[in-house]
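S.K.: Line order of the protein sequences matches chains A and B.
Take 1 as the starting number for the first sequence in my numbering and just add one per residue.
Take 1 as the starting number for the second sequence in my numbering and just add one per residue.
No wet-lab data here; the hints were simulated from the structure.
Owing to the predicted nature of the structure, the values given are computational and were not obtained by experimental measurement.
Here a beta-carbon is modelled for each residue, glycine too, at the ideal position from N, C-alpha and C.
A hint or two may mislead.
[Unchecked claim] Only part of the chain B face toward chain A is listed, based on derived beta-carbon distances under 10 Å:
# : residue
1 : Gly37
2 : Leu56
3 : Phe57
4 : Lys77
5 : Ala81
6 : Ala136
7 : Phe148
[As the list claims (entries may be wrong)] Simulated restraints, written as ranges between beta carbons of each label pair:
#  : chain 1 : residue 1 : chain 2 : residue 2 : range
8  : A       : His220    : B       : Val26     : 31 to 41 Å
9  : A       : Asp258    : B       : Asp152    : 40 to 50 Å
10 : B       : Leu166    : A       : Gly214    : 53 to 63 Å
11 : B       : Val127    : A       : Ser274    : 36 to 46 Å
12 : A       : Gln120    : B       : Gly177    : 28 to 38 Å
13 : B       : His175    : A       : Leu160    : 53 to 63 Å
14 : A       : Val275    : B       : Arg100    : 37 to 47 Å
15 : B       : Val127    : A       : His220    : 30 to 40 Å
16 : B       : Leu17     : A       : Ser44     : 17 to 27 Å
[Unchecked claim] Below, in silico cross-link-like pairs of lysine-lysine (DSS-like), each with a Cα-Cα straight-line distance of 25 Å or less:
#  : chain 1 : residue 1 : chain 2 : residue 2
17 : A       : Lys99     : B       : Lys149
18 : A       : Lys277    : A       : Lys50
19 : B       : Lys129    : B       : Lys150
20 : B       : Lys150    : A       : Lys132
21 : B       : Lys77     : B       : Lys129
22 : A       : Lys99     : A       : Lys132
23 : B       : Lys149    : B       : Lys168
24 : B       : Lys150    : A       : Lys99
25 : B       : Lys149    : B       : Lys129
26 : A       : Lys88     : A       : Lys266
27 : B       : Lys77     : A       : Lys99
28 : A       : Lys266    : A       : Lys132
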Amino acid sequence: MSLFELPIVTSGPAARCASGGCATGGCTSGGCSSGSAERASETSRREFLKTATTMTLGAMSLTLLPGAMAGDEVPAAALHPGGPAANKPMYGFLIDTTKCTGAGKCLTACRVENGVPEGQARTWVERYVHFKDGRVEVDLVPEIGYAASGEPQPAAEDVLRAYFVPKLCNQCVDAPCNQVCPVHASIKSPEGIELVDTDRCIGCGYCVQACPYGIRYMNHETNVADKCNWCYHRVMRNEQPACVEACPTGARVFGRVDDPESEISKRLATLPTSVLKQHLGTLPLTRYVGLTDEVT
Amino acid sequence: MTSFNDTRHLWALGAFLAAVGLVGMVVRRELVPDDFGRQGPYRASALADVAARPSLFQADATCHACHEEVQHERAGKPHEAVRCAHCHGHGVEHVATARRAAEDPSVSLPPAAPWDGDFLTKLDLYVTKDRATCLACHTAVVGMPADFKKIDVAVHLEEQGASEPLAKDTCFECHGGHDTAP
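Next up, chain B with everything else stripped away, as it sits in the complex:
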């Protein structure tokens, strides 16, 4: 019968495993954020990080807070659902400047720039009476709902006997601006 004489190996193995475990715990402590797992399997403060992003797209209510007369002009009209931003750009800088101006009288609000014809990302404010803004929605496109008003400009202008059919602001001559009638 042979006695068990490999105790030294067991101690060495145990020490090795303990060292691995210790290193593992230290590494895990360094890598896992403190608030990890507090609300679920994620970094809890990430929710606040995402929520901290500023709201850039201005709701009509933001514009109407200062431009009350426009709100009254548009109330109940067919184009009430068209957002301020669709014709005037996103106005992010305008609103930010207006808020600064409300606190600091030395800040002045620059007037809105004329539209440069670019439909895409517009953070500043612009004014336009370009018919392209109307036709962006009202040009007949395959797929539109049947009851949505579609305009063929050439036909429409001829029907109405428009005096200046090529003028950019030709829509606004008859249909007005904020109080656009059908």
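If we strip away everything but chain A, and leave its shape as in the complex, we get:
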């Protein structure tokens, strides 16, 4: 009996039987008994396909799994992107929107420090203006500041309230950008900071799409993904990130949250803070003071 002589069941009670639906009553009219022969051959073919698929996938996974052939011990904490690994410092970032004056000093500092091309940014500052007629307008703080840019400003008498919201990487514990990378160029460092391996990145841009905060971008000079990494190179030398170092008003605070004596720990202990887009469940490490519902 060749493959082509097998009865191909496409409809009728037997088809329902083959897919496990007999118990629902579809076969009680006698269709099952007449189709029992077909069912037997159908089942053996399904069994064969199941076994073959399992074995193929199993064999493939052996060659694809990272580290499966390397024989190295992989610490479980490093594999699970749930915050810092054991014995590693835990960093945090706090943005106090009530202190930001929109001078834009952090923007230049970041650009210089990280060589960010003109027209792109690792961090930016949004301004939310609530007008008395109910409108809310959002614009971006120019890097040279509003005063030097000469941009027309809304009339102060029309404004109910306004505030600046600096944006930077949230270093999500459950980072969507990390999960989508097809070449493992997205790195969750042992300290919990999300990095880009620029040597491995193929520039596909999946991570740029995946970040719900729009932090990642394709660097148009290097053609690989780039993102705010809290100035990882500075942090590893016990220095502050460039934007924090540049902020004259203390709107950006960086430090170790596992040290109760650090400024960020003291502020986190006394101020009500929240995170951006909490409903997405990405567990951001960057926390904000003074967020409103309009800020996303």
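Since chain A is already given, all that's left is putting chain B on it; use the hints.
M.R.: Just chain B, lined up with the frame of chain A:
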């Protein structure tokens, strides 16, 4: 009853699969970095690669290491939180040259250039008494915190009876430089 006589096919299939597996292993060995997966699902040495980037933005402490008198001038003043880099540029080249000069006496430190009015990327050092540097922060902008000091230059100069209201260094005449009073 028919006996199973397709053994040759099985051997051929087995050989084919073994060849595919062998090629796969070789390709994987070539493509996957040696240190991949050592710390996590990534190239372990990438962490050091990222961390190797030089720190360019100079913290005030770097400047104060040589310019101690400025640190004393600024200590406790309202503008202590303003960074050296905000008025003097990022001074990356200046610091690098100063470090070279400390080891090699033949290296000389060029004096700071005057500010060219560009707020953006400045890797060298400059001096300025341009009021634009003051107004970059103190111009009233919608959204500033209520308790932040805002200056309307025209109004302020008229109130103070400034002799040369159009002079670029007009702020520094009354407010000083490093020891800027409110």
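S.K.: Check the following: the C-beta atoms of glutamine 120 of chain A and glycine 177 of chain B are separated by a distance inside 28 to 38 Å.
M.R.: holds (35 Å)
S.K.: Holds or violated: the hint that lysine 77 of chain B contacts chain A, with Cβ atoms closer than 10 Å.
M.R.: violated (13 Å)
S.K.: Using the nearest Cβ pair, does phenylalanine 57 of chain B come within less than 10 Å of chain A?
M.R.: Hint on phenylalanine 57 of chain B: holds, closest Cβ of chain A at ~4 Å, below 10 Å.
S.K.: Does the alpha-carbon distance linking lysine 149 of chain B and lysine 129 of chain B stay inside the 25 Å limit?
M.R.: Holds, because 19 Å separates the two Cα atoms, which is no more than 25 Å.
S.K.: A closest beta-carbon separation below 10 Å is what the hint needs, so does glycine 37 of chain B meet it against chain A?
M.R.: Nearest chain A Cβ about 3 Å off; hint holds.
S.K.: Taking 25 Å as the top limit, are the C-alpha atoms of lysine 99 of chain A and lysine 132 of chain A close enough?
M.R.: holds (23 Å)
S.K.: Is it true that the CA of lysine 77 of chain B sits at most 25 Å from the CA of lysine 99 of chain A?
M.R.: Holds. Lysine 77 of chain B to lysine 99 of chain A sits at ~19 Å (cutoff 25 Å).
S.K.: If I claimed the Cβ atoms of leucine 166 of chain B and glycine 214 of chain A lie 53 to 63 Å apart, would that claim hold in this structure?
M.R.: violated (43 Å)
S.K.: Verify the proposed pairing of lysine 99 of chain A with lysine 149 of chain B, using a straight-line Cα cut of 25 Å.
M.R.: holds (12 Å)
S.K.: Between the beta carbons of histidine 175 of chain B and leucine 160 of chain A, is the distance compatible with 53 to 63 Å?
M.R.: violated (33 Å)
S.K.: Is the straight-line distance between the alpha-carbon of lysine 266 of chain A and that of lysine 132 of chain A 25 Å or less?
M.R.: Since the Cα atoms of lysine 266 of chain A and lysine 132 of chain A sit roughly 36 Å apart, the hinted pair is violated (cutoff 25 Å).
S.K.: Given leucine 56 of chain B as an interface hint, is its Cβ closer than 10 Å to any Cβ of chain A?
M.R.: holds (5 Å)
Checked against the numbered hints given earlier, this structure breaks hints 4, 10, 13, 18 and 28; the rest are met.
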